[in-house]
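Trainee: So the chains spell out like this:
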Amino acid sequence: MASTPPAHHRTIAASQQAELVAFLQDTLGPKGVLTEKNDTARYCIDWAGTTGATPLAVARPANTEEVAAVVRYCHQAQIPIVPQGGGSGLVAGALPDAQKAELVLSLERMQRIRHLDPLNFSVSVDAGCVLQTLKDAVEAEDFTFPLALGAQGSCQIGGNIATNAGGLNVLRYGMMRALVLGIEVVLPDGRILNDMKALHKNNTGYDLKQWFIGAEGTLGIVTGAVLKLSPKPTSTRTAMMACSDVTAAMRLYAQARRSCCDLLSAFELIPRRCIELAIEASPELSDPLDTPYPVYVLMELSASGPVSLDSMIEGLFEAGLTDGLLLDGVLASSDTQANQLWMIREAMLEGQQLHGLHLRTDIGLPISALSDFHQQASAMVHAHSPESEVIAYGHVGDGNLHFNILPPPQLNEDEKAAVLHNLEMRLFALVPQFNGSISAEHGIGRLKQAPFLETLDETERQLMQQLKLLLDPDELMCPGRILPRQSQRSSDSVF
Amino acid sequence: MKVLVAVKRVIDYNVKIRVKADNSDVDLANVKMAMNPFCEIAVEEAVRLKEKGIASEIVAVSIGPKTAQEQLRTAMALGADRGILVETDEALESLAVAKLLSKVIEEEQPQLVLMGKQAIDTDNNQTTQMVSALTGFAQGAFTSGLEVADGQAKVTREIDGGLQTLNLKLPAVISADLRLNEPRYASLPNIMKAKRKPLDTKTPADFGVDVAPRLKLLKVEAPAERQAGIKVGSVDELVDKLKNEAKVIS
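Note that the protein sequences, when read in sequence, are chains A and B. Going by numbering that gives the first Met the number 0, the first sequence opens with residue 0, and the numbers climb by one from there. Going by numbering that gives the first Met the number 0, the second sequence opens with residue 0, and the numbers climb by one from there.
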């Protein structure tokens with residue numbers, strides 16, 4: 000992706016850009032708009048290191064009305080917008096476009112936690128509230144907001160909704176979609192859709208809010224939400240168990256769901272190589288078990304109320320040993336040790352990052368097909384690039400496998416990219432055979448668009464296009480993400 | 000050589016401490032409890048001594064409520080051979096703990112007593128020193144390195160400005176500092192085995208020790224919340240605020 004837009008965009012845009020900036024300064028005040036390259040640079044790179052083009056400006060509205068005012072202006076002036084949260088996306092959806100200069104609209108100043116309703120088990124928030132901030136705030140009131148992911152210290156609720164974020168606790172609490180009771184959205188023409196009802200049941204007509212959850216900002220800008228809370232667990236146990244292979248790990252999963260009163264809140268598959276990657280990235284971490292094993296499962300049970308999680312885990316372990324599903328295991332004896340085990344899960348991603356260019360995938364599978372897919376996909380990689388290394392881990396308790404590949408280290412960057420591209424095509428070709436999805440939680444954005452379009456049948460494609468044009472006929476909201484630009488008009492430069 | 004290791008049940012290091020509404024004490028209801036982190040280090044050191052063939056038996060001792068059995072089981076899962084719980088619901092002061100430990104030491108006759116340098120609940124850092132005084136054992140507090148051989152313990156201590164090395168004649172009581180070692184995880188097979196290891200329960204009365212507190216806890220308060228900072232417009236305003244609001248200059 001080019002790092003700067005072609006020169007003619009900037010020259011042609013100059014007068015209109017100046018008008019836009021003047022409007023933003025007038026409407027949002029000096030804090031509300033950034034134009035200097037030094038100031039806007041951080042909005043043009045995401046966690047994965049992908050960079051976007053220089054935006055027309057960065058707007059930082061302070062409330063929903065200001066968001067609506069900016070969107071109305073851009074609608075009238077036909078200026079495309081890309082809304083942005085914490086910048087931890089993995090599919091380049093929130094980065095400003097190079098083909099046609101865009102206005103970045105950051106929700107970062109909208110951080111308010113509006114209202115916590117303890118009896119209704121709900122909380123309403125601004126979209127720019129950082130996930131960790133919300134989690135800490137509700138925890139202080141003895142609740143938990145269960146969405147948990149590596150980026151929780153920087154990602155924002157609006158982004159979590161726009162991307163229908165998943166993470167570690169999906170198997171127990173569902174994805175973001177399951178946690179949203181109400182929503183507030185600024186539509187592409189600047190109207191405000193206010194559906195901030197804190198209702199656990201509401202069957203009145205079409206459920207409009209669902210359109211915007213997981214739409215990656217292409218249908219409107221989420222500015223607020225009412226979220227579902229759960230009681231804060233009073234006891235949590237974290238264990239790391241060792242298995243001989245993925246099949247055994249998946250059989251253990253079925254047993255764990257049944258024998259632990261369905262109190263499983265996380266079940267992560269971690270191959271041996273990931274432990275080594277984690278220690279490589281964070282040398283202060285230690286190998287939790289005495290001897291290496293092929294595959295590990297990091298599991299967490301949590302409950303509020305008087306239940307003995309220890310006896311459940313011990314029972315599961317004994318049964319697992321007897322059935323030959325398990326080889327060994329450790330149980331964290333304190334929250335400190337539990338955190339250390341979870342740090343392995345986080346550090347292994349950094350370790351993977353240290354190895355430079357690699358293929359990152361996010362496959363969704365029926366849980367029952369996960370082990371077979373893992374086997375066939377590994378065989379495919381071995382057959383076509385024996386020196387590439389498979390690193391497959393994931394939230395397998397919800398059928399999510401991050402089947403990642405490190406290319407042969409001796410190749411140069413172009414060769415690596417070519418090998419990975421080839422393997423990605425072959426991997427994605429396998430996915431439909433298992434009735435899987437090429438993106439379980441990361442979304443489509445720009446990076447997964449080509450393979451995504453191949454998975455759509457004609458009816459799906461038509462409906463998606465019609466929905467997009469219904470809400471955003473001028474294609475000004477995150478154009479080119481998820482679906483390619485549709486209209487002839489939008490392929491001409493606005494400026 | 001027999002090693003005695005003392006373990007205390009405390010609020011988990013990662014729990015955010017809350018004060019009871021009436022300020023009478025720290026709120027312990029539904030709070031995750033764990034072994035004091037410095038005691039974990041002491042247990043780990045004992046287990047390493049056993050793995051090196053220096054220690055022949057490890058006895059874990061805890062003094063506290065019935066639930067402290069959990070921490071003794073953890074110690075046994077990590078490698079202690081048996082446990083002794085001196086059960087009491089009284090809020091014990093260091094001296095009472097030291098007296099009880101001295102009685103257990105008298106009964107068990109260990110060559111080496113290992114404990115944490117302090118417990119993270121009240122941070123007293125007194126028991127090791129008191130036990131040494133009561134038993135006449137040599138004392139090595141804040142140990143960051145330990146070698147045991149030929150009836151002697153070579154102890155490295157972290158002191159202000161550097162390290163001090165002491166040679167102690169056994170029997171000795173040694174308290175573990177943070178850098179002595181990194182404790183291992185309890186393996187599930189060992190957790191299972193620990194269930195079958197012997198655990199004796201005693202009471203302070205069995206040892207004839209009066210554990211009645213000598214101090215009265217009057218009030219517990221959370222630290223004052225830090226006020227948000229402000230930006231001042233000019234040096235004059237800053238000086239004015241330092242003079243008249245903060246009153247740190249005159």
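The set of hints was computed from the structure by calculation and includes no laboratory data. Predicted, not measured: the structure shown is a model, and the values here were computed from it. Built from N, CA and C at the ideal position, the CB exists for glycine as well. Some hints here could point you the wrong way.
When the alpha-carbon atoms are kept at most 20 Å apart in a straight line, the in silico PhoX-like pairs for lysine-lysine are as follows [stated by the list, open to error]:
#	chain 1	residue 1	chain 2	residue 2
1	B	LYS201	A	LYS134
2	B	LYS15	B	LYS1
3	B	LYS102	B	LYS201
4	B	LYS49	B	LYS1
5	B	LYS65	A	LYS231
6	B	LYS49	B	LYS153
7	B	LYS1	B	LYS65
8	B	LYS19	B	LYS1
9	B	LYS49	A	LYS134
10	B	LYS1	B	LYS51
11	B	LYS98	B	LYS19
12	A	LYS231	B	LYS242
13	A	LYS30	B	LYS19
14	A	LYS231	B	LYS194
15	A	LYS200	A	LYS227
16	B	LYS19	B	LYS196
17	B	LYS31	B	LYS1
18	B	LYS65	B	LYS201
Interface residues of chain B toward chain A, partial, derived using beta-carbon atoms under 8 Å [claimed, not checked]:
#	residue
19	TYR12
20	VAL14
21	ILE16
22	ASP26
23	ASN29
24	MET34
25	PRO36
26	THR73
27	TYR184
28	ALA185
29	SER186
30	LEU187
31	ILE190
32	THR200
33	PRO203
34	ALA204
Taking CB as the label site, the calculated pair distances span [stated by the list, open to error]:
#	chain 1	residue 1	chain 2	residue 2	range
35	A	GLU283	B	LYS19	29 to 39 Å
36	A	LEU429	B	GLY52	36 to 46 Å
37	A	GLN24	B	VAL18	25 to 35 Å
38	B	LYS19	A	ASP116	50 to 60 Å
39	A	LEU118	B	ASP209	27 to 37 Å
40	B	PRO222	A	ASP25	53 to 63 Å
Trainee: Confirm or reject each hint.
Mentor: Hints versus structure:
no.	hint	verdict
1	B:LYS201 with A:LYS134	violated, 43 Å
2	B:LYS15 with B:LYS1	violated, 37 Å
3	B:LYS102 with B:LYS201	holds, 11 Å
4	B:LYS49 with B:LYS1	holds, 9 Å
5	B:LYS65 with A:LYS231	violated, 26 Å
6	B:LYS49 with B:LYS153	holds, 17 Å
7	B:LYS1 with B:LYS65	violated, 25 Å
8	B:LYS19 with B:LYS1	violated, 42 Å
9	B:LYS49 with A:LYS134	violated, 44 Å
10	B:LYS1 with B:LYS51	holds, 13 Å
11	B:LYS98 with B:LYS19	violated, 30 Å
12	A:LYS231 with B:LYS242	violated, 46 Å
13	A:LYS30 with B:LYS19	violated, 42 Å
14	A:LYS231 with B:LYS194	violated, 30 Å
15	A:LYS200 with A:LYS227	holds, 12 Å
16	B:LYS19 with B:LYS196	violated, 37 Å
17	B:LYS31 with B:LYS1	violated, 32 Å
18	B:LYS65 with B:LYS201	holds, 11 Å
19	TYR12	holds, 5 Å
20	VAL14	holds, 7 Å
21	ILE16	violated, 13 Å
22	ASP26	violated, 12 Å
23	ASN29	holds, 5 Å
24	MET34	holds, 7 Å
25	PRO36	holds, 7 Å
26	THR73	holds, 5 Å
27	TYR184	holds, 4 Å
28	ALA185	holds, 5 Å
29	SER186	holds, 5 Å
30	LEU187	holds, 4 Å
31	ILE190	holds, 6 Å
32	THR200	violated, 20 Å
33	PRO203	violated, 27 Å
34	ALA204	violated, 31 Å
35	A:GLU283 with B:LYS19: 29 to 39 Å	holds, 36 Å
36	A:LEU429 with B:GLY52: 36 to 46 Å	violated, 54 Å
37	A:GLN24 with B:VAL18: 25 to 35 Å	violated, 48 Å
38	B:LYS19 with A:ASP116: 50 to 60 Å	violated, 26 Å
39	A:LEU118 with B:ASP209: 27 to 37 Å	violated, 49 Å
40	B:PRO222 with A:ASP25: 53 to 63 Å	violated, 45 Å
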